[in-house]
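Residue-level listing of the chains:
4 protein chains.
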Amino acid sequence: MILGGNGVADVLNFDDKPKEECGLFGIYGPNLDVANVTYYGLYALQHRGQESAGIAVSDGKRFKIHKDMGLVPEVFDEKLLEPMKGFIAIGHVRYSTTGSSLVANAQPLNFRYLKGLISLAHNGNLTNANEIRHRLALNGSVFQTTTDSEVIVKLIARYGQGSIEEALMKTMIDIKGAFSLLVMTEDKLIGVRDAYGVRPLCIGKMGDAFILASETCALDTVGAEFIRDVDPGEIVVIDGKGLRSIQTLKNPRQAFCVFEFVYLARPDSNFSGQNVTLVRREMGRQLAREYPVEADIVIPVPDSGIAAALGYAEASGIPYMEGLMKNRYIGRTFIQPDQKMRETAVRLKLNPIQGILEGKRVVMVDDSIVRGTTCKQIVQMLRNAGAVEVHLLVSSPPIHYPCYYGIDTSERNQLIAAKRSLDDIRKFIAADGLHYLSLDGMLKATGLPVDNFCAACFTGDYAIEIPQNVGKYSMEIEVD
Amino acid sequence: MILGGNGVADVLNFDDKPKEECGLFGIYGPNLDVANVTYYGLYALQHRGQESAGIAVSDGKRFKIHKDMGLVPEVFDEKLLEPMKGFIAIGHVRYSTTGSSLVANAQPLNFRYLKGLISLAHNGNLTNANEIRHRLALNGSVFQTTTDSEVIVKLIARYGQGSIEEALMKTMIDIKGAFSLLVMTEDKLIGVRDAYGVRPLCIGKMGDAFILASETCALDTVGAEFIRDVDPGEIVVIDGKGLRSIQTLKNPRQAFCVFEFVYLARPDSNFSGQNVTLVRREMGRQLAREYPVEADIVIPVPDSGIAAALGYAEASGIPYMEGLMKNRYIGRTFIQPDQKMRETAVRLKLNPIQGILEGKRVVMVDDSIVRGTTCKQIVQMLRNAGAVEVHLLVSSPPIHYPCYYGIDTSERNQLIAAKRSLDDIRKFIAADGLHYLSLDGMLKATGLPVDNFCAACFTGDYAIEIPQNVGKYSMEIEVD
Amino acid sequence: MILGGNGVADVLNFDDKPKEECGLFGIYGPNLDVANVTYYGLYALQHRGQESAGIAVSDGKRFKIHKDMGLVPEVFDEKLLEPMKGFIAIGHVRYSTTGSSLVANAQPLNFRYLKGLISLAHNGNLTNANEIRHRLALNGSVFQTTTDSEVIVKLIARYGQGSIEEALMKTMIDIKGAFSLLVMTEDKLIGVRDAYGVRPLCIGKMGDAFILASETCALDTVGAEFIRDVDPGEIVVIDGKGLRSIQTLKNPRQAFCVFEFVYLARPDSNFSGQNVTLVRREMGRQLAREYPVEADIVIPVPDSGIAAALGYAEASGIPYMEGLMKNRYIGRTFIQPDQKMRETAVRLKLNPIQGILEGKRVVMVDDSIVRGTTCKQIVQMLRNAGAVEVHLLVSSPPIHYPCYYGIDTSERNQLIAAKRSLDDIRKFIAADGLHYLSLDGMLKATGLPVDNFCAACFTGDYAIEIPQNVGKYSMEIEVD
Amino acid sequence: MILGGNGVADVLNFDDKPKEECGLFGIYGPNLDVANVTYYGLYALQHRGQESAGIAVSDGKRFKIHKDMGLVPEVFDEKLLEPMKGFIAIGHVRYSTTGSSLVANAQPLNFRYLKGLISLAHNGNLTNANEIRHRLALNGSVFQTTTDSEVIVKLIARYGQGSIEEALMKTMIDIKGAFSLLVMTEDKLIGVRDAYGVRPLCIGKMGDAFILASETCALDTVGAEFIRDVDPGEIVVIDGKGLRSIQTLKNPRQAFCVFEFVYLARPDSNFSGQNVTLVRREMGRQLAREYPVEADIVIPVPDSGIAAALGYAEASGIPYMEGLMKNRYIGRTFIQPDQKMRETAVRLKLNPIQGILEGKRVVMVDDSIVRGTTCKQIVQMLRNAGAVEVHLLVSSPPIHYPCYYGIDTSERNQLIAAKRSLDDIRKFIAADGLHYLSLDGMLKATGLPVDNFCAACFTGDYAIEIPQNVGKYSMEIEVD
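Chains as they are written, first to last, in my numbering: chain D, -17 to 462; chain X, -17 to 462; chain S, -17 to 462; chain G, -17 to 462.
Worth flagging that the hints you see were computed from the coordinates, not collected in a lab.
Heads up, the list lumps identical chains together, so a pair's fine if it works in one copy or across two of them.
Keeping only pairs whose Cα atoms sit at most 16 angstroms apart, straight-line, the calculated EDC-like set for lysine to aspartate or glutamate is:
no.: 1; residue 1: Lys67; residue 2: Asp320
no.: 2; residue 1: Lys61; residue 2: Asp50
no.: 3; residue 1: Lys61; residue 2: Asp320
no.: 4; residue 1: Lys232; residue 2: Asp433
no.: 5; residue 1: Lys223; residue 2: Asp169
no.: 6; residue 1: Lys308; residue 2: Asp285
no.: 7; residue 1: Lys426; residue 2: Glu272
no.: 8; residue 1: Lys232; residue 2: Asp213
no.: 9; residue 1: Lys170; residue 2: Asp41
Treat the numbers as computed from the prediction; the structure is a model and nothing was measured.
Kindly generate the complete structure, drawing on both the sequences and the hints.
Right, dumping it as structure tokens:
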């Protein structure tokens, strides 16, 4: 399909950050304009996916669906939302990890099976999707998208002779990996979280209405009250009789993604009762305790390094300054400068402030490094602006391993820490000092038990079996 | 998905004509820009479907697909076609008969099954699609579109363990109804026509390349040579080894849709060697023989009545005049006039020429009447412009029955001839005379054997079993 | 400004016809939705200009204006027209003769001068625009468009101390050339026609409302009654007190453009009481009288040659056939075929019907030839389809001279008849015979006095002084 | 003209900040892709105007111009910039103060006068535009836009018999008010600053190329070196012979807008050598000295209050916390929530973090207050999140008077400080404390002499005569 201004290909790739793949928002609210509420909920979760957005609404008989490539306010307007009447809605924002950046892959996925209509939204990544896909194809299944989520849909339909709850329980036995799911039937809203609780999902309430959302910030935005997180292995079913819980397989060891605390989640969200920005500030304090540096100022790499930089400054007593100005108008598109102006692309986004940096020994705090290329450019910019020393302090450990559970950290061979020693990295980015927060320091800063977390990207200790032959499933169809 | 200017809902409904549902164009051409050739082929077949257009291309490994709502030049431009490189292409233009007017229903349909990729384009209508759909759902199939064509796709996949040719042969045993199909695999172009030959499909050649198309006008446009029609029940397979034919079930009685000659096909196309416009002119002559009228001038309802009106004038000796001016710029959209200007909508499209009509006894020739509402308005316009008598002569018999084989003639209760006697119709449209061409006269004018044809809309004699419980399959999903 | 799908550059240039430059429609109607009526009026005049469309409405105090590149239904929709409330409106469709194809040049032009607001729409071409522009620039005027019309606006403002009628009378003394104008002030609708009456303008009435329009077909479309043509040199002022006329300079010799009858106007329009299509049919009859040819069939070049071909067939007794099928879906854009498919572009638009042409001696009738390139291609197509002889008969004389009064006939050196003898042209287009209607025959066919007409493109006899140094005024600003 | 998604009307009006009206960027660079450089320069100046953007390029003979409503990356893409070749370019971003939000008012304005082509971009506001407009209309001038800038254009043309420099000098004598101008002729780039230096304009150099820009951050972004500010009353002319200066009237008292330091300019820009973010931090420190408050945390209203909040925290020793989370994805459009969700609109943009605020006495720092409505909502949100005390500290004095020099502070009757006492304001916003920085404190924090500044919005002391009868000039034409 033709996309208005398909910014997808133009996404700025400065960020050098792992990419969150999806955000979920669902509501069961008989007296509410559920499509509008979902719109606001998705707006609050926009940081979890900027490639596509979609909403499906049930009025008890029919589904109305709209989804497209783009940000929430680009995909939806009053005219589109107005006819989407109903009492249940689920919505999805997506950054693709499996499947290409195509509108056909946008979610929620909608289909009719033996028992009626189903709409499904998925956050996470299956580790055995290819296996199941092959198994289904042998039985004559066809695939129109390249997403893991279509695999889940097909399984639900295969088990479709009984109730939807039974079909989901059977499906959860087949699929491996990380998944938080929202499922909508004509008259039910269902939330599912995998046995390890890798991806977040929480429950809120607004009057009589129930809400399921990836992060608490979405509850705040729509004015709902936080009730509790969905438990690992739990199926939450909401219908006319209220909310009931089915506890399926729950792994003894949980594996909540620690990177949600480090970078992915919005600062104002809470997980397991811990506020994200306060955890990040504590990571900064811990960093200062682990690596005290003699310096004149502490500056963040905006915006993701701000909380940790404030923590570092607080614990170290070194003044916090805003040494890098971020252009708030840089959107997803701009024209690539030619060779003559190669620094312009970076300066368009970040401009060092000479009046702050000149003659200073600088501690620059960032939350994480993936490939290291952006750091290198920033360090150079700081020196050009007069910084006499630049020490890079990172508020998480080196990323050594890829994530198979739904975060795009790039291939292993692109991870700078997987290839180079600490000192080599320091030399590569040309910093005077480079320090990463320790694994223990990071986990301690969360204020939660250590074995709650998946930290496999730092440790290689994968809680859930990973596939031998990794790679995006090649559908070899490019539908645009 | 968001449509640029979704004209669909705005289609002018003056026409009061049966709607053709689809046009097909496929090419196997190793040294050609197959996407471009298909674009021109679809352009020539635009009259067969104006709702959506799509092209899929195979380069031997991958498919590139683009489809969207709109006319061919609205859906495609250079930038979109340029990257669609390959050596096989199939294309489709669509006016929906089953399935709603949604981009998800646009064709070709593309999918991956056990043996690889398949793209399918369909012209026609299955009479047992709901039955098969239910049978498949019991086995766990899910449906994402509301088209008959998805049913065909699922069956091919169910029979997917053997060769594609075998899968098609098995599928043809299951499905009932009218279908001309184009199927593309990674390395083959396949054409299929149902056992009755209801919908057309012909073979052309351009250098080494083979072409399959709904009408010969598409061959002319791309500069290809006409080879022959695909036979009823024939599967034509084109690949690196050339063209080979598999003759499956061929019904003794054929049932080529006579309405292709009456109205649907382009005047410059030929079927079974007979040119469409010459057949229409002969229908007009036959009409004059059957119903001589005393009149001063013969005028057509432009454009579809022109050939028959010329025939009528020729055979009757009454001068042919252009008494109605058609606005060539009326597109698919215009703003509905309010009550004060209710005649404006019609006059925007057709304006009677007073200088030609004043004081004249007029024979007006049209090819067919469905609901009769437009005729009524035109007759009134002619009188207002000074015509003293208006005789409506129709170059086909009254439409008494709906079509189940892919032509949208509206529900039976909307067919004016199904509800009213000839004289009632004449009174309704307020004409001085009304005459329809006889069934025999129509069939004779084709110059082909009578039992070649399906004329069920005139006679109720359905060659292929029709479903008991008719109606568009309600998917109850509205995806936009 | 950014144009949606700027078809402008993609206009098919097959037509090889002079281009009409503009259509005007204005209404003074206190109880009507004047913007809507103007929309329908412009729709009926779309053939006079397809590049841009615009409407301005006065509510007595303010003007609401909308204009853009594109066809009327592309430029306007309900949402845009809805807020355009008022009791006077003027509208304009444009094909550029002076000024580039830019939205800044779209009309009506709107401005505020000493006495208030003025909106102006212009059909025609000034011959002394550059002279006046230079004169005004010496006094400090600036120009933001490249149109003649801005020159008229500036002159009205210079004479703006008195009444608008006085300002127009003074302006008409300064400007030379062809012009029909609509002028709207806060409370008046004014129509102006130049002293020679080169471009048409007529008056209609619909209840209490008055209408001014380029052609009578626009009156028919909106359901208005034709009153009379505006006289050469007449100013027609319509306001709350009704319609009054100011007769300024009227040239003894009129110079109505005969090409309006030959090609430009819509067949259902009348000028000086003569219907256009009947005049064209008579031209065809006259052509048969002047040049009888031995042939089997008469075919038109659709659509412009149809009326004359019918006349030729009628007078000669040779059967009229539709030998060329015109694709009704060819819009303003399509993708240019590459070299391998060079005939495709023509065939996309016109397809010869072999069944009609094979073995026939063909008389092909067209209304006019400008460069001759398209004729040449069509003649070749007819031969390829089996025609044994092709005689081209043209229902107007050879075009020897360019038009300076608002019709784009191309530069003189592109006019085939200006460069080649009749026999050379015949050889160039490779026809067996070539005949043009005589000047006298053409003028006689109009049924009007010979000295009513400007036929300068045929004769070189320019009624109004033409500029020495011709050429589009180069503004050297390209505003997009 | 039709705007894609006319965000204009949808601009979020939370901000409650004065609106900067324009940003200017010009370059004279024979060997550079001047259109691209200007694009990046405008991108860096986007904060100065988000309604429209435009670029004009001269190649020595012709101008290429593109402008439209929207942000820089929305208005321009590679395809549009590619053909804009030349060696001089000027660009403009605009937030309208005079003139409506219409594309016709977008700049640069381009025109042809006696001596050739001129393109003009204007930052500021004339105080005698209506007077001059009337004077010009008496002489027959017409106006097509509602901007002050068109008045300047007309004056230049009136004085157009001599050189462009002379015309500019004469024009500067006529016009009163605030203006920084860029003027481009076929071969010159000219910068002009009014006699009081109200609006900024600086000079940069990049290799041989000269740049003129509103702020130094644009120089940084394109990689240019800062040379100096343009002086009040100075005309800077850049052509093939280099840069030369003409010093016209320079007022003894300068009047640089102090609000550039307070809020308008980008933090990384410098004026008169003073860095904006450091000045803002010092304002925060000064605020802490003037108004020490007993509190637990200092939080900013993001983003404009951050620098001052850091300064306040630093000087007071109270910890700086990020208590309000700003949604980075809130663009210019979102759907208005209905009554049931009235808090959602604010929470969509700003979410209080309970974990930080609960039980705390909060000092909240903002840079300025216009109407006070947003403050009131934020204070309420903080309390709902558990803050026990909320003190609002504002790093500039109360705004008592409107600005006539190009900043949109709203009408006087909307300025909360113009209508209410300090204590009334505090009650209105329901804060426990409210303190504004003193005028002296603010000016001292700039580090520059007091009489350099215009602070009329705080003091009512207008350096330049203001008009008696204020109000946007009503053109009474609404062109869209």
